[in-house]
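Enquirer: Sequence:
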Amino acid sequence: MSRTDAHSPIWVRLIRRELEPEPWHFCFNGACDLPDFASYESSTRLETRCAWFFKYTGTNVCSCDVCRDQVGHRLDLRRERRAAASRLELGRRQWELGNESAFDDVVVPHRNRDWW
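Heads up: the sequence shown at position 5 corresponds to 5 in this note's numbering, and the numbers run straight through without jumps.
Please keep in mind that the hints were generated in silico from the structure rather than gathered at the bench. Cβ coordinates follow ideal geometry from the N, Cα and C atoms, glycine included. Hints are supplied without guarantee of correctness; some may be wrong.
Stated by the list, open to error - The calculated label-pair distances, taken between Cβ atoms and stated as ranges, are:
hint, residue 1, residue 2, range
1, Cys27, Val107, 48 to 58 Å
2, Asp104, Arg79, 51 to 61 Å
3, Leu77, Ile15, 52 to 62 Å
4, Gly98, Ile15, 18 to 28 Å
5, Leu77, Ala51, 40 to 50 Å
6, Gly72, Pro21, 30 to 40 Å
7, Gly72, Cys50, 53 to 63 Å
8, Ser86, Tyr56, 35 to 45 Å
9, Gln94, His73, 29 to 39 Å
10, Leu97, His73, 34 to 44 Å
11, Leu88, Asp36, 28 to 38 Å
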């Protein structure tokens, strides 16, 4: 097992479904001779024109600054916190004026979101 997710072996990435098989067709004239992925072996690659390759699915992204825009992510979280604080302050002011339904539309910010 590797120490980081960025350098995990291919079998770990396959189990995590970070990679998925994708057919690569090189059959311009005639029928495709590519077998299905379950019966495909590396020895049959020499016999066929088409092949199976692995495509990155985008799940379990690397946690480094290059792969994950951490500065932008922090700014997004800060923007959400400030917007929630201003909504709460507006609700507090309305509540002090006698509006009892001032906090009915306040929604808790969603912290675990897919932003890729």
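Enquirer: Does the beta carbon distance between Asp104 and Arg79 stay inside 51 to 61 Å, or does it fall outside?
Expert: Given about 23 Å between the Cβ atoms, the range is violated.
Enquirer: Okay, Gly72 versus Pro21 on CB: inside 30 to 40 Å?
Expert: holds (32 Å)
Enquirer: Does the beta carbon distance between Leu97 and His73 stay inside 34 to 44 Å, or does it fall outside?
Expert: holds (37 Å)
Enquirer: Assuming the hint says 52 to 62 Å, is it satisfied by the Cβ distance from Leu77 to Ile15 or not?
Expert: violated (31 Å)
Enquirer: Kindly confirm whether 29 to 39 Å is satisfied by the beta carbon distance between Gln94 and His73.
Expert: This hint holds: roughly 32 Å between Cβ atoms.
Enquirer: Confirm or reject the claim that Leu77 and Ala51 have a C-beta distance inside 40 to 50 Å.
Expert: holds (43 Å)
Enquirer: State, for the Cβ atoms of Leu88 and Asp36, whether the hinted interval 28 to 38 Å holds or is violated.
Expert: 56 Å Cβ-Cβ, so the 28 to 38 Å window is violated.
Enquirer: Taking the Cβ atom of Gly98 and the Cβ atom of Ile15, is their distance within the range 18 to 28 Å?
Expert: Violated, at about 59 Å.
Enquirer: Given a hinted range of 53 to 63 Å, is it respected by the beta-carbon distance of Gly72 and Cys50?
Expert: violated (40 Å)
Enquirer: For Ser86 and Tyr56, compare the CB-CB distance with the range 35 to 45 Å and indicate the outcome.
Expert: holds (39 Å)
Enquirer: Could you see if the CB distance from Cys27 to Val107 stays within 48 to 58 Å?
Expert: Roughly 53 Å apart at Cβ, these two residues keep to the hinted range, so it holds.
Hint violations for this structure: numbers 2, 3, 4, 7, 11, all remaining hints satisfied.
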